[in-house]
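Residue numbers (the working numbering), protein chains in the order written: chain W, 236 to 567; chain Z, 1313 to 1648.
Calculated from the structure, these hints are not laboratory results. Ideal placement from N, C-alpha and C gives every residue a C-beta, glycine not left out. Warning: the hint list may mix true and false statements.
Below are the DMTMM-like pairs computed for lysine to aspartate or glutamate, each with C-alpha atoms no more than 25 Å apart in a straight line [claimed, not checked]:
1) Z/K1482 to W/E564
2) Z/K1482 to W/E379
3) Z/K1369 to W/E379
4) W/K258 to W/E535
Here are some of the chain W residues that sit facing chain Z, going by a computed Cβ distance under 7 Å [stated by the list, open to error]:
5) S305
6) G339
7) I360
8) G366
9) T369
10) A371
11) S401
12) Q561
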Amino acid sequence: MNTLEAIEHGVFDLATDGVEALKAMTAIREFESRLPGYSKEGLIRGSTHPSVGMEAIAVGVSRSLRAADSIASNHRGHAHCLAKGADPGRTLAEILGRRDGYCGGKGGSMHIGVKELGILGTNGIVGAGIGLATGAALAAQQQESGAVAVAYFGDGASNQGVLAESFNLAAIWKLPVIFVCENNHFAQSATLEEMVAQPEIRRRGEAYGVPSFDVDGMDVEAVANAASEAAVRARSGEGPTFLVADTYRYLGHMADDTEIYRTREQVEAWKGRDPIAKLAARLLERAVLTQQDIDAIAQEAIAEVDAAEAFAKASPFPETAEAFTQVSEDNR
Amino acid sequence: MNKPAQQLTIWRALNAALHDEFTEDPSVIIMGEDITTWGTGGGIYGVTRKMAETFGKHRVRDTPISEEALISAGVGAAMAGTRTVVEIMYSDFSLLGADGLINQAAKSRYMFGGQFATPLVLRSNGGSGIGKAAQHSQSLETLFAHIPGLEVVVPSNANDAYGLLRTAIKSNNPTIFLEHKGMYYDKGPVTREPIPFGQARVAREGTDLTIVATQLMVSRSLEAAEELAGEGISVEIIDPRTLYPLDMDSIYASVRKTRHLLVAHEAVRDYGWGGEIMGNAVQECWNELDAAPRRLGAARTPIPYSEELEKAVIPTAKDIVSEVRTALGTKVVQPA
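Next comes chain Z alone, as it looks inside the complex:
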């Protein structure tokens, strides 16, 4: 019989995943700025709490504010046989180490003819909603998902955060693991099992329209679905969990069932991954679609500081409801 699932916040779930992986595999190390003593005792959101006390400062390393060297060294250490997790305080800062990620880690297996594995996990947080403004709030997942050789993880709940981080650390591929800074205190059941990449999760079953959403947009879609259910509209929500590898098969299956598609993400809508999913769905499911797929994403603006401005640029549950209605058009069945 399975153990009953623990209720954990996302930050605790991530902490548990690190703890369990460090215990299981002594070759894993983590390094980052202020990860042993800041915040709740382990980085700004507490994810590495007690790691240094438990595993020692040899494996849990505070680093200078040197993202380029930190990421590059993470890549070199991974190529030389140490499984490295690099925590970057905000994903915006990972761009300082873009060479290490995009020109080195992503290509090390391919350009050397398959000789090298690069078991690097870059953990960081993206997303908006807590007033961190333009340089601490970006959703950069599309940028990384575009690069051959990188894998991109975007968990939306505590169980996925735990299970996907375990898999990311075990993976011999370089992985960008993006947490959402507004969700660290969201609580949920955690079964403490690794979750394979490339397997979408059905967050809610439905029959009239498929919403593909990640991270914060999953909960906003659930909220929207609840409201729409009251009007007799049945929404299915698919959370891909990893943007690369991407489980298009689950999305196709859902679209074939509901014949309608909406993609909702927090990244800027234009050139975002929603376009990728729409494009694939149109090509593969053209004959089964009853209406053109639609997508929602952030406005093409940097993230503003002031609260009302920030709210205005990110899709809300209300926006999702409105898009679903538009997508379903005249087919909406009005409640009696």
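Only chain W is shown next, with the shape it has when bound in the complex:
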């Protein structure tokens, strides 16, 4: 999972971006698919939230991001981190609470931050990353750094007040922020239809003067092109953009979810729109890759995640003394 370089405005080139995106999505899927197993093995404490099925959004958005750009993520945030360039070994080590995790085992799945990559953290509070990303965009504007900030959140978080306030703040100050709603249609087990009276979430951004767009979250090319335009807008001082990406998570809300709130048929129907299969088919059809190439990419992903797993499992647990450090700068 290499750091992805920025693409030019609105042009997703299948031969280059397409191949990179396929590799990234395949590796993220391999990574995320193993989490329930680790949970069953007792290697993961608390909750962990896989995003299998939603890979096109993190990968598509990240095509337009640079190292100096910030992201603020949510509880389902491993893919956002990996797509932004996080090392899978260190990411998994953090999920397993090990010393070599990005946060030394203090954060865990829901609190993975990587300062050098501009990852302001996955977040245990639904919607909190929205405010933080808006602030990172403010910092970028103050510093005139040309950096962009991305807030990733779900349809559930669209009901948090901080979104409305942040839309307005970002719009009046023309902050370089991209609000990305991953609408996977469930807020834990509550459906979008039950919890949102006006299910066209895009209209909430419009109400605050933020240019807002729906995008097919199962199509990495569509996401990448939309995010690229949003990034260009942000970098040229035109302010925020709101992207609502329609998507679905194949696995439960978290490992051990009984999933009594949805049908197998619905899950299978969404798998028919799978973003990885769709991109692979397109690459085959355009003769960018052969089936052998695609198989090789899958094998590489397995090898990469095998290596990450070996690294993370071999990493020791932190020393007990670490529990008491880093509370504040002077550790008081």
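Assemble chain Z onto chain W, guided by the hints.
Same frame as chain W, but now just chain Z:
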């Protein structure tokens, strides 16, 4: 030779601290509701007066009435390298942004393994006494001091207001800076030097009893001490200045000298920080205490509106005098 200290009101001292810090460090910004044009030209108490004219509206930002986004954005901007001061009109309103303060800023260093500094200062005012009633008068310092990762500043005079605000802005830790709305026009000498956190100030030296007090209770304790001095009782007054970090060593030293302790604060007495200080003092100085420590705080009521009611729930100088007498019990030396 030191320059002679200027005489400044607290609001002027805070304004000077902001001005000096903005001049010294171009990465500092301030944002808040109505901070460029309201009141005396800089927020309701004038603290940001002329800041926008001097430093521009790029660094001095009026915000919508959106405390949650304002505080959260302050946290995100601080994590991304901008030193942010957020002015919240009344500290009661900071509760709208409690997620940003308590779940995000306070934990950002720890849970990410020390990678991030969060140089955020939330400036606001608390305290009662001017008829602002239940939702504009709370003393919430204990609430913030309870949260690991937050630092809490409660200045009681102009010099401390200046010096502690300079330090708060320079700090890489998130700081809750609570001004007292009834004290903005109190005047005193200001030396224009930063004051480190965690160093208590001896507001008055004495030998018979230690009063630990902050903000308005410092001046009320001084008033009480003056009255008690007339009866031959010598009171020492310690102002911790920062509730976290808390300089218990200075308090222990004073208690060992006077062998008596009274804590006086304006926050509600029950579950208040006075209990924290008493608890520590009892544990550490048990053998040196001649009597049980005592504490005074507001009644367990919201702050009422009507003037006589408001006065009734907050400790007065008279209450402090009475508590000191009780604390000293039979040991009180009656004047001849």
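The hints, checked one at a time:
1. Z/K1482 to W/E564: holds, 12 Å
2. Z/K1482 to W/E379: Cα-Cα ~22 Å, so holds.
3. Z/K1369 to W/E379: Roughly 15 Å separates the two Cα atoms, so the pair holds.
4. W/K258 to W/E535: holds, 8 Å
5. S305: W/S305 check passes; min Cβ-Cβ to chain Z is 6 Å, inside 7 Å.
6. G339: With a closest approach of 4 Å, the W/G339 hint holds.
7. I360: For W/I360, the interface hint holds, since the closest Cβ of chain Z sits about 5 Å away, which is under 7 Å.
8. G366: holds, 2 Å
9. T369: Status holds, d = 5 Å.
10. A371: Constraint on W/A371 satisfied, holds at 4 Å.
11. S401: holds, 5 Å
12. Q561: This interface hint holds because 4 Å falls under the 7 Å limit.
Figure legend: structure checked against the earlier numbered hints; every hint is met.
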